[in-house]
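Once you have looked at the hints, place chain S on chain D.
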Amino acid sequence: MIILTTKSKNKKSKLFSSDSLATISLLISFIVMAIFFTSQSEFFFTSTNFANLARTLAVVGISSIGMTLVLITAGVDLSVGSVAALSGVLASMFWLELNIPLPISSLLALLTGALVGLINGLIITVLKINPLITTLASFSIIRGLAFVISDGQTNMLNNQGFYFIGRGNILGIPFSLLVMIVLYFIFFIILRYTSFGRNLFAIGASPEMSRLAGINVDKHLLISYTVTAFLAAFAGLIIASQLGSSAPRAATGLEFTVITAVVLGGTSLAGGKGTLIGTLIGVIILRVLNNGLVLMEVSSFYQEVARGVVLLLALSFDQIRSGFLHLRRERT
Amino acid sequence: MSKVLEMRNICKSFYGVKVLKNIPLELESGEVLALLGENGAGKSTLIKILNGDYQMDTGKILIDGQEVDFKEPSDSEKHGIKMIYQELHYAADLSVAENLFIGHLAKGSGPIGKHLIDWKKVNQDAKKALGLLNVDIDPKAMMRDLSVIERQIVEIIKAIYGNAKILVMDEPTAALTPPEVEMLFKIVNDLKAKGVAIIYISHRLEEVFHIAQRVMILRDGNHVATKNIEEVNSDSLVELMVGREIEERIIELSDNKATAPALEVSGLNKFGSFKDINFKLYEGEIVSIFGLLGSGQISLTRSIFGAERADRGSIKVYGHERKIRFAQDGKNAGIGFVPIDRKVRGLVLDMSVLKNLTLSNWNNLLTLGFFKNKKERAHSQKWIDALGIRMAGGIDTAVKFLSGGNQQKVVLARWLEANVKVLILNEPTWGVDVGARSDIYDQLDMLAKQGLAILVVSSDIHEVLAISHRILTIYDGQLTAEFSHKEASQDLLLNAAAGRLA
Chain D
0 MIILTTKSKN KKSKLFSSDS LATISLLISF IVMAIFFTSQ SEFFFTSTNF
50 ANLARTLAVV GISSIGMTLV LITAGVDLSV GSVAALSGVL ASMFWLELNI
100 PLPISSLLAL LTGALVGLIN GLIITVLKIN PLITTLASFS IIRGLAFVIS
150 DGQTNMLNNQ GFYFIGRGNI LGIPFSLLVM IVLYFIFFII LRYTSFGRNL
200 FAIGASPEMS RLAGINVDKH LLISYTVTAF LAAFAGLIIA SQLGSSAPRA
250 ATGLEFTVIT AVVLGGTSLA GGKGTLIGTL IGVIILRVLN NGLVLMEVSS
300 FYQEVARGVV LLLALSFDQI RSGFLHLRRE RT
Chain S
0 MSKVLEMRNI CKSFYGVKVL KNIPLELESG EVLALLGENG AGKSTLIKIL
50 NGDYQMDTGK ILIDGQEVDF KEPSDSEKHG IKMIYQELHY AADLSVAENL
100 FIGHLAKGSG PIGKHLIDWK KVNQDAKKAL GLLNVDIDPK AMMRDLSVIE
150 RQIVEIIKAI YGNAKILVMD EPTAALTPPE VEMLFKIVND LKAKGVAIIY
200 ISHRLEEVFH IAQRVMILRD GNHVATKNIE EVNSDSLVEL MVGREIEERI
250 IELSDNKATA PALEVSGLNK FGSFKDINFK LYEGEIVSIF GLLGSGQISL
300 TRSIFGAERA DRGSIKVYGH ERKIRFAQDG KNAGIGFVPI DRKVRGLVLD
350 MSVLKNLTLS NWNNLLTLGF FKNKKERAHS QKWIDALGIR MAGGIDTAVK
400 FLSGGNQQKV VLARWLEANV KVLILNEPTW GVDVGARSDI YDQLDMLAKQ
450 GLAILVVSSD IHEVLAISHR ILTIYDGQLT AEFSHKEASQ DLLLNAAAGR
500 LA
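Protein chains in written order, with numbering that gives the first Met the number 0: chain D, 0 to 331; chain S, 0 to 501.
Think of the hints as simulated: they come from the structure by calculation, not from any bench. Glycine residues also receive a C-beta, built at the ideal position from the N, C-alpha and C atoms. Be a bit skeptical, because a hint or two may be false.
[To be verified] DSS-like, lysine-lysine: derived pairs with alpha carbons at most 27 Å apart:
| no. | chain 1 | residue 1 | chain 2 | residue 2 |
| --- | --- | --- | --- | --- |
| 1 | S | 77 | D | 218 |
| 2 | S | 226 | S | 330 |
| 3 | S | 226 | D | 127 |
| 4 | S | 399 | S | 17 |
| 5 | D | 218 | S | 126 |
| 6 | S | 47 | D | 218 |
| 7 | D | 127 | S | 47 |
| 8 | S | 77 | S | 127 |
| 9 | S | 322 | D | 218 |
| 10 | S | 485 | D | 127 |
| 11 | S | 70 | D | 218 |
[Claimed, not checked] Quick list of simulated restraints, FRET-style, between CB atoms:
| no. | chain 1 | residue 1 | chain 2 | residue 2 | range |
| --- | --- | --- | --- | --- | --- |
| 12 | S | 481 | D | 22 | 44 to 52 Å |
| 13 | S | 377 | D | 255 | 43 to 51 Å |
| 14 | S | 25 | D | 22 | 52 to 60 Å |
| 15 | D | 132 | S | 354 | 22 to 30 Å |
Extracted from the complex, chain D is given alone in its bound form:
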């Protein structure tokens, strides 16, 4: 038996992995927040408000799935907001200008979104340009194209079927929320139980190790960026459906809300670490924070401030905690 100097440590890590600990502290802060808002506003803890909340979760929620994948691979995608805007614009343009039936127009918009992701992925893997730079460029290019294609105009999308995506209910539950829940479930399974999902973590932790283990790193990155853009395009359709119109200005700043939610949920910007459950809680926390502040009639300027403060607080706690763990480990 090898004399291990650190036997006792293993036992400890069994009780609470740092991952589950992060999720638990996130949940606790969520509950504290909910209690606070309930005490501050009589409207907060009402079914009307919950229905309202549920309807507004899907856009950020669905986009955050893709972002989680990409961040796990140690990448990032800044173009999700632009892709969402382009998707709405394209759906309306295909329909209004080219007279393509709206379902097919929507599908084409989704595919175009996926194509943008594929191109992002190709630039990152083939040209080996840093993901931050690549998607910063496409953030700008795609947003610009949305303006060019729509000529800067907002277009009405007057179609009951299309409205259903963002406004419809099934058994009283918003359709978009149902889609989101299904997607979370599917991607939870993918991340936890498929080689593809697990390989993303390996790639994020060490591309070199992954390559040596026979993992096709480029293929995995391509798929991740494509999926991310596809989901962003879908979020764009939800926005257009909810607004009843497509605008090139839509989803401005979505990428930062999404990154905030994902990071809040414990996914590491350094890659190799993250959970979809964390992301989902992160999304809900941001949404509830926003909703609660609105109900408390806090000015929207302060809401921006609050969002940033919450992010910093969450990460500081995480840092202090891991710093503490690190100190105890320093000896080895």
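Just chain S now, with coordinates in the frame of chain D:
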């Protein structure tokens, strides 16, 4: 015995520079072939060709007499060629079990199940694999929560589990303690008995004599010799590797009758790391702290320098009590510190030799707050000449292109430039080859003669015996014994460092 691997006339060039010239290699099943050579001799290139990471220009590889063509590492893996790399590649936030089977996690059964990972089976397999080495590591523990040694063990298991036919071990013992090295050798012998052929790369010659049947020596991309282990001894091996003789080191024991100790540590404590540390280090003296890894020595030296903070105790430099809380304090007190992982903490790899040399010594070189290029260059050149730092492209070469030994010298030079009085070195020759190693020893010797007080932390017993005037042993955070150069022997040191002192 059957020939399991044959490499014929392997040639490889990078950008027109021939790094391998007609290298032959033969390997029989159940034997250990030690592959020796200085850094840059072509060992790792040869190995990377074998595992499919690099493509050879010309030559042939035959496995069991069949010619093979490896396009990527996964191809060679299919033929049972497994590697244990010098630098560990692992995913810190994934479990031990997952790290073991990355790329081929066990799947379940059934139409849907066969696409999904069966975690129960993965963990069971991991337990079985860990059982191979009889170690107490929880397969579900995160890699991040393991010690360096445990991580290395996981890496070794990862390589040997499954159908390893040819195992390549690149300096597998670099981070292991002596009992663990023994453990590893036992594993190697087991594998040998099972018919696994092993290519063993190490800079530690005594290991080679212990474990190998044959040695193959490369120098500057040439095949120098392949010999049975009985035909060679340490000296002849070194000569073959370096191409010249390296003299046996004889320590001249200078009398250190300095009035005051250069460094005096008393009552230094840090909870969980070290306890009641008292020692003195005199001017012109090299003192080594020898201990098994994880005995607290690293934390101790870090605390003396200020990279960590001790709980209590006093540190005096030339009689003056110094409050050391940050690295800046250590530096101001005249203490230099060469960390254990120089690549991460000691150098900026992408910066030039010049910039690295002057990195922490801006003040001396500033004129009215600005750098003067000429002055900076002159200063740096002085050290390059003094320490014999060798680099291909001159002073503006990025440090990452230097060999381990020369990198270490750059770190050294930086502290000397800063005019330190006490120099602390952690494992100064890890990853440094034989030739450069004796070079570094000579430098330390010379510096000590000039009055520098040097404190070396090392887990290499030969190194400790070769360079120190005095040796302190550390066990479980406490100094257990002190030996003069004359008194010290391997037995005594090992016993003291294992806490088995009468």
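**Prompt:** When the hints from earlier in the document are held up against this structure, which numbers fail?
**Reply:** Violated hints (numbers, rising): 2, 3, 5, 9, 10; every other hint is consistent with the structure.
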